[in-house]
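Novice: Heads up: the protein sequence lines correspond to chains U and W, in order. In this text, residue positions in the first sequence follow the UniProt record's numbering: the first is 1, and each later residue adds one. In this text, residue positions in the second sequence follow the UniProt record's numbering: the first is 1, and each later residue adds one.
What the hints contain is simulated information worked out from the structure, not anything from laboratory work. One or more of the hints may lead you astray.
Since the list can't tell identical chains apart, any single copy or any two copies may satisfy a pair.
[What the hints assert, rightly or not] Straight-line distance between alpha carbons at most 25 Å, and here's what the computed DMTMM-like set of lysine to aspartate or glutamate pairs gives: (1) K345 with D257; (2) K345 with D214; (3) K180 with D273; (4) K180 with D156.
There are 2 protein chains.
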Amino acid sequence: MRTRATEMFGIDLPIFAFSHCRDVVAAVSRAGGMGVLGALYFTPEELEHELTWIDEHVGGRPYGVDVVMPAMYEGADLAAANGEGLRDRLAEFIPDEHRHFVNDLLARHGVPELTHSDTAHFLLGWTDATARPQVEVALRHPIGLLANALGAPPADVVGQANACGVPVAGIAGSVRHARKQREVGVDVIVAQGTEAGGHTGDVATMVLVPEIVDAVAPAPVLAAGGIGGGRQMAAGMALGAEGVWTGSVWLATEESDTPPGSLEQILGATSRDTVRSRSLTGKPARMLRNDWTDAWEGADSPGALPMPLQFMLIADALRRVGRIRHPRLTPSPVGQIVGSLNRVKPTSQVIYEFMAEFGDTLERLNTVVRDD
Amino acid sequence: MRTRATEMFGIDLPIFAFSHCRDVVAAVSRAGGMGVLGALYFTPEELEHELTWIDEHVGGRPYGVDVVMPAMYEGADLAAANGEGLRDRLAEFIPDEHRHFVNDLLARHGVPELTHSDTAHFLLGWTDATARPQVEVALRHPIGLLANALGAPPADVVGQANACGVPVAGIAGSVRHARKQREVGVDVIVAQGTEAGGHTGDVATMVLVPEIVDAVAPAPVLAAGGIGGGRQMAAGMALGAEGVWTGSVWLATEESDTPPGSLEQILGATSRDTVRSRSLTGKPARMLRNDWTDAWEGADSPGALPMPLQFMLIADALRRVGRIRHPRLTPSPVGQIVGSLNRVKPTSQVIYEFMAEFGDTLERLNTVVRDD
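Full structure from sequences and hints, please.
Specialist: Below, the structure is given as structure tokens:
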């Protein structure tokens, strides 16, 4: 296949696959698409380790790295003014009411307390301060793409990547955000509809993609949100995209490290079983509806805190529910396409099925006019 | 063009256009698609009048009628037991708190009271009792399609239509609803995503259409929600649909009777300016976000009542705001595609642009693989 995206990135198939799992990333790239590793949960040292592994297993094919530099977050001014002690300063913004709500919720579900608190690592997961060292690490590897979620990245980061010959992709949920990304030099816009998993806006892919294509032309656009097979790939490209950006579909692959409890819920869920919730990070993110999301919607919920305070607030709670893998309290980001994930397959088979269905779809569309 | 939908209905283009305006219906059918008149707001006598007009202006081309027979509504048991006096019985379910909330809201916005109450006409807009006489009227005209929203219609109504040679379409927002429609004999499923205007579910078109296509195969499916042009038409058909079902796009046509105040708001709105709200009928319906929808989301809102009580509750209020055309208090059902409606065009031009863009899209998709 040939689109402006395959040409820009030197790949065979315009399928971009976001995953937190290095095995999926390498497998997608080896199959002709482009795997993109989500760096968020890794320290710079861990990220270095993961990327070295990918370099050794990707067979020289291009792959990407996705970081999170939110354009706006609580305490951004503090972060700029004072890198040291930022965590403690931010912690002061978390009300006791919220701490009690989280502790009570876990107590009601019988989740054991931690024997000691060890929250050093990911308290600041959603700030520019965490992402910049990740960018430094990523650019020391032969990556083919740097992606950024949650708003326009700092212009100097775009320049830094481009100087290394690495195009930058930005994920946008609205025309306004897409334009902002372009203003700071982002090369490729990922137009992501509300049906996507994780952080997402409120406009659906069907409406959003053509809007963004028209707004940022001639910049290439990838369609994201609801893309789980070849019919949806063809639809995304019919909307004007040069390729598709996918995520949820890789959670149910043999290569993925999706925890067994989460996998079971993913395989059993329908497309109606997700909800956009602020309960994980403070910004709306689509995830499986469960006791966790219901609790934050409930009448006695204090409401989620703004990013990054919400994630700081719940960090210990996540480790507590993670330790016992509590299925109904573990936030599970996934898109509405979860309804079609009913079986675990090899990554290469998913890619093959995408392409076979894409081919069938195009043939079917041509029949509509051919018999005219 | 040729799809199973064009063959079933004897039309040239698989574009179905829902409208409350007879002029739009006739214009779409004359242009080769199929106009479908929304009968909800008409008495049987008015509907007779509208359909006679269409018969005289549609040039012998097929057109359809859309009725609303909700599968579930408050008081359905009363309706079955006692057709007489149903309105008064239902009115007893409306709490005073809700009446006060509506009256206070309009008073705050300076909306004049009615000099006399004349609510006889559409109090029962959303019950089977209203829709059956509409079906009787419709089937006396040479209609080519009977459509039903809000759940599976009674099986005898499907049989009645089919006996007249009229296929029945059902609008579904989930796989479960689509299956129920098929069980009562519905011929064509309109898979309508959350981005659609009016009553709508929570699953996006991109995810919903393939799910429903697979669930009801080999029954033909039309794609609805977010369809405003040829790229979206091609996308909907790539997803497996045999054609597209549209609505919002016709509000901004020269033939439409959209009130000037509403039209202005539609032309100025972005795709982010809609909200799914229960404030009009008690069931979630997408409409422009304005003071009306905000009030029902507010902290002092008593919450919407179930169908049909909500519409009974607000009937007088709608007439009051309608009389002065209060732009910020008039509920305006429209889909997210409203963001691309920026100019009023003749209906025939909209159809032409659909087809031209569809052709360009297919050509572009073919290039992707042709250069392989």
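Novice: Quick check: which numbered hints come out false for this structure?
Specialist: Every hint satisfied by this model.
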